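Both chains are sitting in their own frames, so use the hints and assemble them into the complex.
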Amino acid sequence: ELKVEQNPLFLSMQEGKNYTIYCNYSTTSDRLYWYRQDPGKSLESLFVLLSNGAVKQEGRLMASLDTKARLSTLHITAAVHDLSATYFCAVPPTGNQFYFGTGTSLTVIP
Amino acid sequence: DTEVTQTPKHLVMGMTNKKSLKCEQHMGHRAMYWYKQKAKKPPELMFVYSYEKLSINESVPSRFSPECPNSSLLNLHLHALQPEDSALYLCASSQARDYGYTFGSGTRLTVV
Numbered sequence: 001e002l003k004v005e006q007n008p009l010f011l012s013m014q015e016g017k018n019y020t021i022y023c024n025y026s027t028t029s030d031r032l033y034w035y036r037q038d039p040g041k042s043l044e045s046l047f048v049l050l051s052n053g054a055v056k057q058e059g060r061l062m063a064s065l066d067t068k069a070r071l072s073t074l075h076i077t078a079a080v081h082d083l084s085a086t087y088f089c090a091v092p093p094t095g096n097q098f099y100f101g102t103g104t105s106l107t108v109i110p
Numbered sequence: 111d112t113e114v115t116q117t118p119k120h121l122v123m124g125m126t127n128k129k130s131l132k133c134e135q136h137m138g139h140r141a142m143y144w145y146k147q148k149a150k151k152p153p154e155l156m157f158v159y160s161y162e163k164l165s166i167n168e169s170v171p172s173r174f175s176p177e178c179p180n181s182s183l184l185n186l187h188l189h190a191l192q193p194e195d196s197a198l199y200l201c202a203s204s205q206a207r208d209y210g211y212t213f214g215s216g217t218r219l220t221v222v
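Protein chains in written order, with our numbering: chain U, 1 to 110; chain L, 111 to 222.
Here chain L stands alone, though its shape is the one from the complex (with noise of 0.2 Å):
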């Protein structure tokens, strides 16, 4: 297996809502981020967590909360969105430096 799988593709959700994303990993990867892609933008690093350590971008707002429940699965937690944070959220994981990442096909979120 040498994909990272994302649920769900599509979402669309409410601003009092509460979702979550998922994504799966069997490649035996170490580490796995959470990026957020406006169009026509470049990709932005949200979180990591490698080696059950966790990283947090400090400019991501706390209605966004990344939860590792093994080493395979990374959850991106949805709380009290806002219409700016409809984007593309990418999930990635990666072996070691030396190998880049593998991308998941990626959730795009709407909030309404």
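The following block holds chain U by itself, in its conformation from the complex (with noise of 0.2 Å):
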């Protein structure tokens, strides 16, 4: 059964600081993608990583891939409230067909 897990689930933090948010799959993939989600919106699609060592930065948020280590991260620097969100990673196994990691929901505290 595939698993794509999210570590943290939730995670609160103040302006300023820097965290990281981790994605762990278990099948194999050569790509991986990031999407955020506001409080009953839609998903917004965040990085596209497409291959092993790829790193993706935008403003705040950074987000790299290691195929080999089956992991994702998204890195945060100096948090903004704007940043608020749940944050989806999702993994397409086979085709195009995306299964969603567990999410994490972030807050950031002014």
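These aren't lab readings, by the way, just hints derived from the structure by calculation. Predicted model only: the values in this text are computed from it and were never measured. Positions of the beta carbon are idealized from the N, C-alpha and C atoms, including for glycine. There could be a bad hint or two in this list.
[To be verified] Part of the chain L face toward chain U, derived, beta carbon under 7 Å: (1) M156; (2) V158; (3) P193.
[What the hints assert, rightly or not] With a cut-off of at most 20 Å between alpha-carbon atoms, the simulated SDA-like pairs for lysine to any residue come out as follows: (4) K146/L with D38/U; (5) K150/L with T102/U; (6) K3/U with E154/L; (7) K41/U with K132/L; (8) K150/L with S42/U; (9) K119/L with P39/U; (10) K150/L with R31/U; (11) K119/L with K3/U; (12) K148/L with L9/U; (13) K163/L with C178/L; (14) K41/U with T94/U; (15) K146/L with P118/L; (16) K41/U with M125/L; (17) K132/L with K163/L; (18) K3/U with Q147/L; (19) K129/L with L183/L; (20) K119/L with H189/L; (21) K129/L with T212/L; (22) K56/U with R31/U; (23) K119/L with G138/L; (24) K129/L with Q147/L.
What follows is the structure, encoded as structure tokens:
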């Protein structure tokens, strides 16, 4: 059974601090995706990681992928309140059918 | 047009009703998907329509039935639903693996 696990599930952090969210998956996949979801809203694409060693950065967020370790990280630098949301990683082990991680609910406290 | 449009945005239905959710995209994407998301949980794949072939998650009950009239439309027909089917239903489309999904805004379904 495919498992996509995120750590932590809940994260409360102060503005200005740094933190990393981890995404581990149990099957082979050469790519991984990160999404953001605001409460009551749909999912917004953040990063598309297409190969081992891929690193993408957008603003205060940086994502990386290690396909050999089956691990992706989402690093938050100098958090601001606007980053409060739930973050999902997603893995397409076959074809283009995504399996989503357990999600990380992030709250940034002023 | 870079959007996936879902209608309606909200739906309340009784357990004996028949209703349909609609999803439309005009990006030329060849694959479309239905996901179900319960509160504070990740989206779960229900159906995939890719290159005119339908794939079904076998755990999805038969009271949900997808229909793809053409490559731009993906409907989800609902019949005799249960209260536990209340959830956010998300439609997505994709052109190829490299590009990920584009999600619609979702339909918030409540079964009473």
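Tested hints:
For M156/L, the suggested interface contact is broken, since its CB lies about 11 Å from the closest CB of chain U, more than 7 Å. Interface hint at V158/L: satisfied, since its Cβ lies 6 Å from the closest Cβ of chain U, which is below the 7 Å cut-off. Because the smallest distance between the Cβ of P193/L and any Cβ of chain U comes to about 20 Å, over 7 Å, the interface hint for this residue is violated. With a CA separation close to 16 Å, the supplied pair K146/L and D38/U stays within the 20 Å bound.
As the CA atoms of K150/L and T102/U are separated by approximately 9 Å, the hinted pair is consistent with the 20 Å bound. A C-alpha spacing of about 13 Å is found between K3/U and E154/L, which places the hinted pair at or below 20 Å, so the restraint holds. Between K41/U and K132/L the CA atoms are separated by roughly 17 Å; this keeps the pair inside 20 Å, and the hint holds. Under the criterion of a C-alpha separation no larger than 20 Å, the hint pairing K150/L with S42/U is consistent with the structure, at around 13 Å.
The suggested pairing of K119/L with P39/U holds, with an alpha-carbon distance near 15 Å, which does not exceed 20 Å. As the CA atoms of K150/L and R31/U are separated by approximately 25 Å, the hinted pair breaks the 20 Å bound. At most 20 Å may separate the alpha-carbon atoms for a hinted pair to count; K119/L and K3/U exceed this at roughly 31 Å. For the hint linking K148/L to L9/U, the alpha-carbon distance of about 16 Å falls within 20 Å, and the restraint holds.
Restraint check for K163/L and C178/L: the C-alpha separation of about 10 Å stays at or below 20 Å, so the hint holds. The suggested pairing of K41/U with T94/U is violated, with an alpha-carbon distance near 27 Å, which exceeds 20 Å. A distance of roughly 15 Å separates the Cα atoms of K146/L and P118/L; the hinted pair therefore holds under the 20 Å criterion. For the hint linking K41/U to M125/L, the alpha-carbon distance of about 25 Å lies beyond 20 Å, and the restraint is violated.
Between K132/L and K163/L the alpha-carbon distance is near 18 Å, which keeps this suggested pair within the 20 Å criterion. A distance of roughly 17 Å separates the Cα atoms of K3/U and Q147/L; the hinted pair therefore holds under the 20 Å criterion. Simply put, K129/L and L183/L have alpha-carbon atoms about 16 Å apart, close enough for the 20 Å limit, and the pair holds. Restraint check for K119/L and H189/L: the C-alpha separation of about 18 Å stays at or below 20 Å, so the hint holds.
Between the alpha carbons of K129/L and T212/L the distance comes to roughly 24 Å, so the proposed pair goes past 20 Å and is violated. As the CA atoms of K56/U and R31/U are separated by approximately 13 Å, the hinted pair is consistent with the 20 Å bound. The hinted pair formed by K119/L and G138/L fails the criterion: a straight-line CA distance of about 23 Å is larger than 20 Å. Between K129/L and Q147/L, the direct Cα distance comes to roughly 18 Å. Compliance with the 20 Å bound is thereby established for this hinted pair.
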